[in-house]
Structures are given as C-alpha cells and as structure tokens.
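Please model the entire structure based on the sequences and the hints provided.
Chains as they are written, first to last, in numbering that gives the first Met the number 0: chain A, 0 to 524; chain B, 0 to 524.
Hint data in this document are derived by calculation from the structure and do not stem from the laboratory. Just so you know, not all the hints are guaranteed correct.
If chains are identical, the list can't say which one is meant, so a pair holds when it fits in one copy or spans any two.
Here are the simulated lysine-lysine pairs, BS3-like style, with alpha carbons at most 30 Å apart [stated by the list, open to error]:
(1) Lys424 - Lys130
(2) Lys319 - Lys247
(3) Lys247 - Lys343
(4) Lys130 - Lys99
(5) Lys424 - Lys99
(6) Lys99 - Lys17
Protein chains: 2
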Amino acid sequence: MNQQILLNGQWQPSQGQKSFRAMNPATRQPLDEDYPVSPWSEVDAALTAAAAAFETVRDWPGERFAAFLDAFAAGIEANAAAIVAMANLETGLPVEPRLKNVELPRTVSQLRQAAAAAREGSWALATIDVKPNIRSVFGSIGPVAVFGPNNFPCAFNSIAGGDFAAAVAAGNPVLAKGHSSHPATTRLFAEAAQAAAEATGMPPGFVQLIYRTSHEDGARLVSDARIAATGYTGSRSAGLVLKEAADKAGKPIYLELSSINPVYILPGALDERLEGIADEFSASSLMGAGQFCTNPGLVLLLAGRTTDAFIDAVGARFAKARPGTLLSAAVEQSLRAGIDTLRKAGASVVSSSEAEDAGSRCCHPNTLLLADGQAFLNHPHELQAEAFGNAALFVVATDIDQLLAITRCLEGNLTGCLYTHTTGKDDALYDRIEPELRQRVGRLLNDKMPTGVAVSPAMNHGGPYPATGHSGFTAVGIPASLRRFAMLQCYDGVRSARLPPLLQDQNTTGAWRLIDGAWTQASIA
Amino acid sequence: MNQQILLNGQWQPSQGQKSFRAMNPATRQPLDEDYPVSPWSEVDAALTAAAAAFETVRDWPGERFAAFLDAFAAGIEANAAAIVAMANLETGLPVEPRLKNVELPRTVSQLRQAAAAAREGSWALATIDVKPNIRSVFGSIGPVAVFGPNNFPCAFNSIAGGDFAAAVAAGNPVLAKGHSSHPATTRLFAEAAQAAAEATGMPPGFVQLIYRTSHEDGARLVSDARIAATGYTGSRSAGLVLKEAADKAGKPIYLELSSINPVYILPGALDERLEGIADEFSASSLMGAGQFCTNPGLVLLLAGRTTDAFIDAVGARFAKARPGTLLSAAVEQSLRAGIDTLRKAGASVVSSSEAEDAGSRCCHPNTLLLADGQAFLNHPHELQAEAFGNAALFVVATDIDQLLAITRCLEGNLTGCLYTHTTGKDDALYDRIEPELRQRVGRLLNDKMPTGVAVSPAMNHGGPYPATGHSGFTAVGIPASLRRFAMLQCYDGVRSARLPPLLQDQNTTGAWRLIDGAWTQASIA
Chain A
0 MNQQILLNGQ WQPSQGQKSF RAMNPATRQP LDEDYPVSPW SEVDAALTAA
50 AAAFETVRDW PGERFAAFLD AFAAGIEANA AAIVAMANLE TGLPVEPRLK
100 NVELPRTVSQ LRQAAAAARE GSWALATIDV KPNIRSVFGS IGPVAVFGPN
150 NFPCAFNSIA GGDFAAAVAA GNPVLAKGHS SHPATTRLFA EAAQAAAEAT
200 GMPPGFVQLI YRTSHEDGAR LVSDARIAAT GYTGSRSAGL VLKEAADKAG
250 KPIYLELSSI NPVYILPGAL DERLEGIADE FSASSLMGAG QFCTNPGLVL
300 LLAGRTTDAF IDAVGARFAK ARPGTLLSAA VEQSLRAGID TLRKAGASVV
350 SSSEAEDAGS RCCHPNTLLL ADGQAFLNHP HELQAEAFGN AALFVVATDI
400 DQLLAITRCL EGNLTGCLYT HTTGKDDALY DRIEPELRQR VGRLLNDKMP
450 TGVAVSPAMN HGGPYPATGH SGFTAVGIPA SLRRFAMLQC YDGVRSARLP
500 PLLQDQNTTG AWRLIDGAWT QASIA
Chain B
0 MNQQILLNGQ WQPSQGQKSF RAMNPATRQP LDEDYPVSPW SEVDAALTAA
50 AAAFETVRDW PGERFAAFLD AFAAGIEANA AAIVAMANLE TGLPVEPRLK
100 NVELPRTVSQ LRQAAAAARE GSWALATIDV KPNIRSVFGS IGPVAVFGPN
150 NFPCAFNSIA GGDFAAAVAA GNPVLAKGHS SHPATTRLFA EAAQAAAEAT
200 GMPPGFVQLI YRTSHEDGAR LVSDARIAAT GYTGSRSAGL VLKEAADKAG
250 KPIYLELSSI NPVYILPGAL DERLEGIADE FSASSLMGAG QFCTNPGLVL
300 LLAGRTTDAF IDAVGARFAK ARPGTLLSAA VEQSLRAGID TLRKAGASVV
350 SSSEAEDAGS RCCHPNTLLL ADGQAFLNHP HELQAEAFGN AALFVVATDI
400 DQLLAITRCL EGNLTGCLYT HTTGKDDALY DRIEPELRQR VGRLLNDKMP
450 TGVAVSPAMN HGGPYPATGH SGFTAVGIPA SLRRFAMLQC YDGVRSARLP
500 PLLQDQNTTG AWRLIDGAWT QASIA
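Written as structure tokens, this is what we have:
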C-alpha cells in the first residue's frame with residue numbers, strides 16, 4: 000500500500016502504478032514503506048492547485064508567510080525526535096551530533112530567519128525615487144518547484160530546507176519533489192508543513208509534496224506555464240536535463256550541482272603547521288563521509304619535501320579513520336565510478352582505509368588519490384570528475400606556473416581555499432593564484448576548510464557554472480537567497496493607495512529601502 | 000574598401016570577405032561605406048584580447064572604470080554634432096528633438112551615472128557579517144558581449160549605450176557587435192571609446208567593435224568560454240537563437256526582446272477624459288514611428304459607447320498624423336508582416352493614414368486595428384504578434400470576465416498600464432485586473448503611457464519572459480542594471496589586507512554596505 004501524497008491541501012492516494020522503497024544504508028536492508036511514483040496527471044493537478052493558491056496569496060503581506068514559517072518551525076521542533084530518528088534510518092547520518100544537534104536546529108533556524116525576513120521586508124530591496132514617483136521591489140514570482148538532494152535530509156529537504164524557506168518567504172507556493180532516498184523523513188516534514196499551513200490559514204495547494212516522477216515528467220514540470228521558478232540541488236547530470244527544459248521555456252531554474260572545491264596549500268603554510276592542516280583537511284574531507292556540496296575534493300600543492308610529508312600525514316589519517324556510512328547504494332556506486340574515472344585519467348591511490356564491514360552497510364574505503372600536475376593538464380576534465388564521498392585527489396604541481404595553468408583549467412566551483420603562511424612567506428604566490436581562483440569560485444576562504452556553510456547574510460553558497468546555474472545567486476544566506484524566487488516589480492506613477500505595503504510612503508515594518516539613492520528605514524515625509 | 004574594425008586596441012582591416020552597407024531610410028538610398036562581416040577568426044582574436052584585458056583590469060578599483068566612462072562621455076559630447084548627423088542619416092530619426100536633445104544627452108548621462116556608480120560602489124551590495132568575518136560583494140564577471148538594437152543608435156548602442164555602460168562600470172571589458180543598420184554611428188562612438196580608453200590607460204582589448212558576424216558565429220560568441228555574459232536587445236527570433244546557445248554553455252544572457260505593452264483604458268477614465276487620453280495614446284503610439292521597446296501596441300477596452308467614441312477619436316488622430324520614417328526597409332517589411340498576422344487572426348483595420356511618399360522613404364501608414372475579445376481568446380498567440388512600428392491593436396472585451404480571461408493569456412511584457420477614473424469609479428475593475436497584470440509585466444503604470452523610460456534607480460526595463468530572459472533584472476536604471484554583469488563573490492575568513500576595497504573595514508568611497516544586517520556608509524570600527 001503506497002504512502003499518500005500531499006495534493007491540494009489533502010493527503011491522498013496516488014494514482015501511480017509504480018512505487019519505490021528507500022533503504023537503510025547502515026544495514027543495506029530495504030525499508031518497508033512503499034512510496035508512489037506520481038504520473039503526470041498528479042503533477043498536473045498539483046500545478047493547478049499551486050496556481051490557485053498563488054492567486055489567493057499573491058497580495059498578502061510578508062507577515063502571513065512569516066506566520067506559516069514560524070508555525071512550521073515550531074511543528075518541526077515538536078516532532079524533532081521522530082524526524083531525526085527517521086532521517087538516521089534512511090540516510091545513515093549519525094543522530095548525534097549531526098542530525099539532532101546540527102542539521103535539525105539549522106533547518107528550524109533557517110525557517111525562522113526566513114520568517115523574520117518575510118515579516119520585515121528588507122530582502123526585497125524596495126527602491127523609491129520620490130520625485131518621479133517610480134518605485135520598485137522584488138515581489139513574489141509564483142509557484143516554485145523544489146527538488147531536494149540526498150545529502151541533507153533536513154536542511155535542504157524539498158519541503159523544509161533552504162530553498163523551501165526562501166521560496167515561501169518570498170511569497171510563493173511550493174511544489175516539493177522529495178528525494179527518493181529519504182521519503183519518510185520528507186513525509187514527516189510535509190505533515191508538519193501541512194499542519195502549519197492549516198493552522199495559519201494558507202490556501203490548499205500552498206505546500207504540496209510528491210515523492211517521485213519520471214525524468215520526463217520532471218522536465219515537463221520545470222517548464223510548465225504554471226511554474227514560475229525551480230530550485231534544484233543534486234547531481235549534475237539530472238540537473239542539466241532540467242536546466243535544458245526550463246531554459247527552453249524561459250523559466251528561471253536555480254541549480255546547485257557538483258563542486259570539487261579546490262584547496263591550495265602553499266609551502267609556507269606546510270612549513271609552519273603541517274600537522275594542523277593535515278588534521279583540518281582530513282576532518283573536513285571525511286566528515287559526513289565526504290558527502291557535502293562543499294567537500295574539499297581537490298587539493299593543489301607545489302612539489303617539495305614538505306608536500307611529500309603532508310601527503311603522508313593525510314594518508315595516515317585516511318587509513319586510520321573508520322569509513323563513514325554512505326547515504327545509499329547509489330552514492331556508493333557513484334563514488335566507486337568517480338574514483339575509477341580519476342584513476343583511469345592518471346591518478347593513483349596512495350592511501351585507502353580498511354572497510355571490513357563493507358558487505359553489511361553502504362560504505363567505501365577512505366581514498367586518497369594523487370596525480371602530478373602534468374597529468375592534470377593532460378586530462379583536466381576527467382581529473383575534475385566529482386567523487387562524491389570520502390575521497391580526495393591531491394595534485395602536485397612542479398612549480399607556480401604549472402599551478403597557475405592548472406588553476407586556469409578549473410571549472411566553476413562553490414568554494415576555493417588558500418592556506419598560506421601566517422606572516423607573509425606565501426604572499427607572492429597568493430597574489431598570483433588568487434585572481435585566477437577568484438573568478439572560478441563563489442566563496443573564497445583563507446586558512447579554513449570549506450565545509451561549514453553559515454546561514455549568514457554575507458554567505459554565498461553559489462558559484463560559476465557548472466557549480467550552479469547562475470553566479471549571481473546564492474542558495475544559502477538570508478536575505479539574498481530569497482531573491483532567486485522573486486521578480487522585479489516596478490510601479491511608475493501608480494497611485495499611492497494601490498502600492499504594495501513595502502512601497503508606500505509610510506514604512507510600517509522598518510524595512511530598509513533605497514530612497515533617492517540612500518538606504519533608510521524611515522518613512523517618506 | 001571595408002571600414003576597419005576595432006580589435007585589441009587597434010583599428011585594423013577585417014579579414015572578412017563579405018561586406019554590407021547601411022541605407023538612408025529617408026531616401027531609400029544605400030550609404031556609400033562598406034562594412035565587413037567578420038569571420039570567426041576575428042571574433043576569436045577579439046575574445047582572446049578581451050580575456051587578456053580582463054586579466055589586467057580585474058583587480059582595479061571602480062575609479063579606473065569611472066575615469067574611462069567619464070572621458071568617453073566627454074569625447075562623445077565633443078563630437079556630438081557629427082554623431083547626431085550620422086545617426087539621423089542612418090536611422091531617419093529626427094535630429095531635433097530626438098537625437099540631439101534627448102537621445103544623445105541620455106547616452107552621455109547614462110555613461111556618467113555609470114561612472115559615478117563605479118566610483119562609489121553601492122551598486123555591488125557589499126555585505127559584511129563582522130563576527131564570522133564573512134563578506135560578499137558583486138564583482139566583475141569577465142568579458143561581456145553586447146548586441147545593440149536598431150532603434151536607439153545612441154542610448155542603446157552596443158559600444159556606448161546602457162548595456163555597455165553597465166558592463167564597464169561593473170569592471171568588464173566589452174566586445175560590441177554593432178547593429179547593421181547604423182554602422183557609421185557605431186564607428187563614431189567606438190572611435191571616442193578607443194580614444195578615451197587610451198587616454199585613461201585601459202588595456203588593449205578593453206573595448207572592441209565588430210560590425211557583423213554570421214548567425215552561427217554569433218551563437219558561438221555568446222557561448223565561448225572566454226565570454227562571461229551577454230547583453231542583447233533586438234528581435235525575439237534572433238535573441239532566442241543566442242539564448243539557446245548561451246544557456247547550453249551555462250553563460251548568463253540578458254535579453255530584451257519584444258513587448259507589446261498592454262494598456263487598459265477603463266470606462267470611468269474614458270467618461271472623464273476621453274479626448275485627453277486619445278491625445279496621450281496617439282502621441283505615445285506614433286512617437287518615433289512607434290519604434291520603442293515600450294510602445295503601447297495593445298489597448299484593452301470594455302465594450303460601450305465611450306469606447307466606440309474613443310476608437311473613433313484615436314482613429315482620427317492616426318489618419319491625420321504624418322507617418323514617421325521607419326528605421327530601415329527591414330523594419331518596414333516586418334511591420335507589414337506583423338500587421339498581416341494580426342489581420343489574418345481576425346483584426347480589422349479601422350484607421351489608416353495616408354503615406355503618399357511611401358516610395359521615396361521607409362514608412363508605413365499609421366495603422367489602427369480592432370478585434371473583439373472573443374477573437375483574441377480564439378487566437379491569443381497571433382494577436383500578440385509584435386507589429387513593431389506605427390501600428391496598434393485595440394481589443395474590445397464584452398465584459399470584465401472576458402477582459403480577465405484575455406489578461407490571463409498575455410505573455411510577459413515590459414510594461415502594463417491602467418487608466419482609471421481619478422476619483423474611484425474604476426477601482427473595482429482595477430482591483431480585479433491589477434493582480435493578473437502585475438505578474439505579467441515588469442513595470443506597471445497608472446494613467447501614464449509607457450514610452451518614457453527614465454534612467455532612475457527604481458526603473459525596471461525588464462519583465463517576464465519572453466519580454467526578457469529573466470524577470471529579476473533590468474536593462475535600464477543604475478545601479479541595478481550593473482548587477483547583470485557581475486558575480487557574487489564571497490570572502491570567508493579572508494585576511495584583511497587581501498580583501499577588495501569595498502569589503503575592507505575602512506569605507507573609503509562612502510559606498511552603502513549591509514553590515515550585520517543594517518545598511519550604512521560608515522567604516523567598521
């Protein structure tokens with residue numbers, strides 16, 4: 000008996016003939032609930048309901064969306080233990096500290112930050128030119144489709160995560176497409192979302208959930224006339240199929256695809272603090288079995304004795320650490336394939352951990368690979384293959400010129416890190432590398448691994464293609480992430496009473512507004 | 000003998016075997032200069048030069064780009080008479096007031112506004128979270144291709160107009176592709192640009208001009224790895240070909256395509272001020288022979304006696320006004336084709352002016368077409384065909400429900416206007432129409448025609464697809480238009496001395512920055 004889908008305000012049976020089950024990756028056992036693959040007729044019905052919901056809410060003030068988001072956050076907290084337990088069962092991610100102490104609180108915090116942003120309104124960059132009476136603001140865009148990834152069952156969940164929070168805070172209904180590896184976790188979130196929607200008077204169809212569609216119907220969904228925009232986090236191959244469909248229909252789609260997050264560790268830094276950096280790198284690389292968008296998958300080094308020592312030091316740590324459980328058999332398989340691609344292109348395995356219980360759970364040895372700079376330049380595409388999981392490739396360049404040539408081959412990435420000597424010994428190298436790297440990454444770090452992604456206004460969890468679909472937007476960080484799901488709405492000579500609240504002379508929420516070129520929270524006199 | 004192209008800092012002969020000539024539309028005579036169609040080898044060389052120029056300028060402060068833009072503006076002013084005379088010769092647009100008193104001053108003003116924005120930096124939305132030391136800012140993206148349109152030989156010229164100014168102010172080299180209908184005007188601008196670039200120490204390749212390429216090479220250009228983004232203003236068909244190529248390569252492309260700019264004139268407004276609105280509409284519709292992106296091409300009315308009188312009043316004005324000269328034989332031809340499409344879909348011509356000198360200049364009778372609401376609903380696609388020029392379609396709906404149904408069929412447009420009774424008689428109708436129209440247009444106007452596009456911070460010259468490629472961006476209005484040609488660059492834990500000027504603790508330019516959630520011009524203590 001299939002689990003029900005959330006359609007037009009009701010949990011209801013799917014008409015789908017196909018179904019799927021998730022798996023417990025810690026035991027390799029299938030879980031016992033069946034989830035439906037929705038046929039197009041259901042997606043179609045959901046789209047119609049979302050469009051109707053949007054007609055109802057499109058003129059609502061931010062306060063209404065904030066109330067829903069706050070109620071939803073409270074509902075999640077009230078059911079946190081069950082959600083965390085289910086997420087652990089479906090993903091193998093540890094209950095503590097990961098799910099209970101980090102990811103679930105982050106999820107709730109994001110929803111509350113989004114609520115605060117919706118309530119206050121500064122996110123919308125209200126801009127008023129008083130004398131000509133031209134006023135503009137980012138306003139809601141319409142129903143948003145959200146495709147969640149496998150690796151954050153809570154914080155990026157399609158019906159509770161960052162894209163969901165941003166889309167709702169900007170005033171849009173969300174049609175969530177859950178990830179097939181954690182449907183029950185997604186269902187628990189959707190139950191809390193639906194309860195919050197009812198409690199706060201949101202129309203049916205404002206939040207909806209389907210678990211799975213055919214690839215063809217996914218492409219049809221993102222390009223449908225009733226969808227205004229899409230947020231997608233996941234694999235590059237699936238994402239690019241959706242992008243093609245959305246692009247063709249002129250629909251914005253915000254993709255967060257693969258990223259190998261290059262880390263440069265310069266000689267002075269190694270001279271100074273080799274062991275510390277080896278600790279930091281190994282922790283960042285193997286944390287969560289390496290299943291982070293910002294996992295440092297590529298380390299760039301200059302040839303030399305300290306570099307050799309560093310490789311040994313990391314190799315020892317990789318060999319010693321117990322391989323983490325991977326999210327699914329699919330991740331295990333794709334990690335193996337990614338490592339194969341790297342090896343075929345000339346990388347060799349220099350350290351590999353034991354994984355004695357590989358048969359009983361989804362896992363893979365911690366794998367450290369090594370290639371020289373010339374090999375990278377010979378096969379830059381293959382040696383940038385993402386090996387999503389607990390693996391990393393070290394590339395050792397003969398000199399700075401080769402390192403720069405490698406840098407110029409890098410695809411767009413979410414992050415890039417530079418570790419340098421604290422008092423300046425690496426500064427000349429830094430000054431040559433940084434400008435090349437800067438253009439290729441969304442977030443540049445110094446002396447810091449990329450795996451922490453603070454939900455903070457200045458955060459950029461984005462980057463040049465193919466890390467994402469557009470380098471001007473971020474998926475994390477409020478208020479900026481809301482603007483993905485908004486359109487610029489200008490009012491020219493529109494009568495005062497007809498303006499939306501954020502553009503009226505009286506500033507009722509204290510939102511920051513750009514009035515005649517100056518930012519202010521004041522009303523217009 | 001072909002005119003030279005501007006490549007890598009030098010005016011040089013094209014290797015192209017093909018050439019073209021522009022025409023004087025006021026006489027239908029070809030002009031006597033030959034301009035080259037550049038082969039791919041030249042585009043390729045220009046791309047390499049642009050990439051090299053970007054390596055030089057990417058760390059420069061905004062002041063450097065401002066100095067160039069200001070020098071360029073002064074250079075244009077110094078040669079204004081020649082530019083205006085040439086633009087008149089190539090486009091048939093009147094010297095006064097259009098070119099000399101409106102468009103050229105606007106062009107110079109845009110360049111100076113862009114310079115001021117580059118110098119000061121608020122456009123970049125610098126955002127600083129002090130305690131976690133996460134800082135982000137919009138930074139330059141790389142070489143930008145600009146394709147200019149036919150209808151603004153100055154203010155949207157590929158090497159002097161709004162896209163050019165925005166791309167440069169954001170710190171990017173520009174590779175301009177001139178419009179084939181006014182190459183000599185473009186050459187004069189490029190000469191001034193190159194002189195300014197030399198005078199202000201910009202590297203060769205920072206500003207470059209080619210006049211024409213094959214369609215295939217145009218698509219190759221916008222998707223080339225060395226191009227970071229493209230700005231295009233022009234026809235929908237050519238624009239969508241470029242969009243497809245750019246999308247596939249993951250390159251941002253900002254398109255300003257066709258728009259028919261619906262105008263609703265409600266019964267109370269007609270009761271109150273029929274003659275005045277007929278004057279306003281006719282002036283806006285026929286100004287510049289209707290060759291504006293924001294020309295009001297579609298008027299939506301409710302059936303009734305005043306509506307009939309209004310149609311007669313506008314028809315009389317259309318019949319009486321001398322048809323303006325069209326930009327080219329191609330525009331003349333496409334206007335005729337657009338009107339044919341409308342007629343075939345059920346519109347009838349209710350008023351047409353004399354155009355007795357049609358043989359000797361490019362022109363077309365002022366044409367007022369009429370269709371009923373049901374015809375529109377039967378052929379919504381065809382009856383939204385753009386008839387770019389001095390033509391307009393009036394659609395008369397039987398009642399508000401039909402008017403709303405028509406509104407729901409509207410494609411994305413740059414603008415939408417609502418004329419209503421001044422003291423409230425139309426308010427109930429307004430409240431039903433506005434939410435539907437709002438989602439379909441970038442700029443909503445009250446009691447005002449759409450043809451004036453002020454260069455003002457709150458302006459939105461953008462709108463939902465297919466009016467443009469992305470409803471979150473505007474092509475006019477500074478500072479917002481700069482952000483199209485920028486990427487979000489985050490610095491996480493980056494050492495203070497390594498930060499770009501806009502993100503350092505000391506605020507040297509007085510830029511507005513979002514520090515810990517509050518906008519301020521202050522430095523960090």
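So, going through the hints one by one against the coordinates:
1. In this assembly of identical chains, Lys424 and Lys130 lie within 30 Å of each other by CA distance solely across copies; the values are 27 Å between and 55 Å within a copy.
2. In this assembly of identical chains, the alpha carbons of Lys319 and Lys247 never lie at most 30 Å apart, being 49 Å within a copy and 44 Å across copies at closest.
3. In this assembly of identical chains, the alpha carbons of Lys247 and Lys343 lie at most 30 Å apart only when taken from different copies (28 Å versus 36 Å within one copy).
4. Taking the shortest alpha-carbon separations for Lys130 and Lys99, only the inter-copy value of 25 Å comes in at or below 30 Å, while the best intra-copy value is 53 Å.
5. In this assembly of identical chains, the alpha carbons of Lys424 and Lys99 never lie at most 30 Å apart, being 42 Å within a copy and 59 Å across copies at closest.
6. Taking identical chains as interchangeable, the C-alpha atoms of Lys99 and Lys17 are never at most 30 Å apart, the minima being 33 Å within one chain and 69 Å between chains.
Of the numbered hints stated above, those contradicted by the structure are hints 2, 5 and 6, listed in ascending order.
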